[in-house]
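These protein sequences, in sequence, are chains Y and W.
Sequential numbering of the first sequence, starting at 1, is according to this note's numbering.
Sequential numbering of the second sequence, starting at 289, is according to this note's numbering.
Hint data in this document are derived by calculation from the structure and do not stem from the laboratory.
All the given hints hold, so there is nothing to weed out.
Residues of chain Y clear of chain W, computed beta-carbon distances all greater than 12 Å:
hint: 1; residue: Asp68
hint: 2; residue: Ser84
hint: 3; residue: Asp221
Calculated cross-link-like contacts (lysine to aspartate or glutamate; reagent style EDC-like; alpha-carbon spacing at most 20 Å):
hint: 4; chain 1: W; residue 1: Lys304; chain 2: W; residue 2: Asp325
hint: 5; chain 1: Y; residue 1: Lys42; chain 2: Y; residue 2: Asp120
hint: 6; chain 1: Y; residue 1: Lys269; chain 2: Y; residue 2: Glu228
hint: 7; chain 1: Y; residue 1: Lys189; chain 2: W; residue 2: Glu418
hint: 8; chain 1: Y; residue 1: Lys189; chain 2: W; residue 2: Glu416
hint: 9; chain 1: W; residue 1: Lys409; chain 2: Y; residue 2: Glu80
hint: 10; chain 1: Y; residue 1: Lys187; chain 2: Y; residue 2: Glu96
hint: 11; chain 1: Y; residue 1: Lys42; chain 2: W; residue 2: Glu334
hint: 12; chain 1: Y; residue 1: Lys187; chain 2: Y; residue 2: Asp221
hint: 13; chain 1: Y; residue 1: Lys189; chain 2: W; residue 2: Asp417
Which bits of chain Y does chain W cover? Going by a derived footprint, with three or more residues having C-beta under 8 Å, they are:
hint: 14; segment: 4-11
hint: 15; segment: 51-64
hint: 16; segment: 106-114
Ideal placement from N, C-alpha and C gives every residue a C-beta, glycine not left out.
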Amino acid sequence: MIPGEFTYHRPSSVAEAVAILASHGDEARPLSGGHSLIPMMKLRMAAPEHLVDLGGIADLKGIAEDGDTITVGAMTTQHELIGSDLLGARLPIIRETSLLIADPQIRYLGTLGGNVANGDPGNDMPALMQCLNAAYVLTGPDGAREVAAREFYEAAYFTALAPDEILTAVKIPVPPTGHGYAYEKLKRKVGDYATAAAAVVLTLSGGSVSTCSVALTNVADTPLYAEEAGSILTGSTLDADTVKRAVAAAEAITDPASDGRGPAEYRIKMAGIMLERALARAADRARG
Amino acid sequence: MSDIEQIPVSLTVNGKKVQRFVEPRTLLIHFLREELDLTGPHIGCETSHCGACTVDMNGMSVKSCTVFAVQANGAELTTIEGMANPDGTLSALQEGFRQMHGLQCGFCTPGMITRAHTLLKENPNPTEDEIRMGISGNLCRCTGYQNIVKAIQYAAAKLNGTDIQEAAE
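Chain Y extracted, bound-state conformation (with noise of 0.2 Å):
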């Protein structure tokens, strides 16, 4: 289990990693806390033969908050997000997601960018992006663009990060205070991917539902935005008529595979029940 040969690089700016990568074309990949690419490399199905590590540029790092914005640099990590009162006070759904992921070990190495422009279905971080409609700074040759959350992910692995671009921030807008939110992952086991997961961020105003935002984790090969679950709750009281229609909404638009975490089925019917523990505990926590 050793990983192919290739060439090490440790820019110190993102204009200097960027043209690296512009050089190098498909053949460099950026490495940041490794946790996804590593394995893959010792498994020798990546082997980039330039590998350009992010770990020295300290522009990627950190976690600030502007107007009603927060951004993270791509290389904070997951221990980091755990560890942030900024975070915990404006954005508690991320610590609650972050500790689901890996385990302690991985999430000291772990990053936000690395798990959200990987492209893997199975990462937490991407459906809850949706859910929080983050956007996603790319920065290639000729600058930096922003590509919602929503809009990234093409396919398992395929995304609209171009070869020479590096994700270098997450943007994300923050809901307000008092809405109520859930991350619930079903999973064999610590360390494993979801079987199915469901990131709910909602708003109540006299009971009924002001603001509804659904997404689902690994019941596709891309993260899902289950845009019209949201709209049925909108305006609802999360009477159970409703959650149960909206719930159906959600589970239409699954397609997961059936593996070693279970049949279609079963992981359709999931995804479902995870929507509809989110929504009970996001309705909760917004009620105080």
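Starting from the known structure of chain Y, fit chain W onto it as the hints suggest.
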């Protein structure tokens, strides 16, 4: 022969400065075991699941099978070989593992103790649940974890100067 350039790395391992040239693809676990003869960190699953290769890198527990040695350039590492007290006596954790029978075959123990060391630094007084979640990246196939949890509780109590209540099972 490879035409890939060897990279100089210098780091501090268990308090000693070391400097070597490595192939970029050298994994940290191989660097520790084969270059530095530190065979305490074990190669278990090689897939970042089992935690037997856990070492402390700059205050973080990491699985050294999933880190390149070049990524550790400039880092301070502690392995199980660096866990004993400076005078050579057992640390509170090592003593806890002995007193509470926190090991049977011992294969997971270097990773368990190294992980628990960092856990207790971050959280000197963990609940049982926090200990169990804290070592959830380390697999043990012998003990059923009961006595490992008690060993870590023993160490926490000893370091905090409180009474040690539990007995080994």
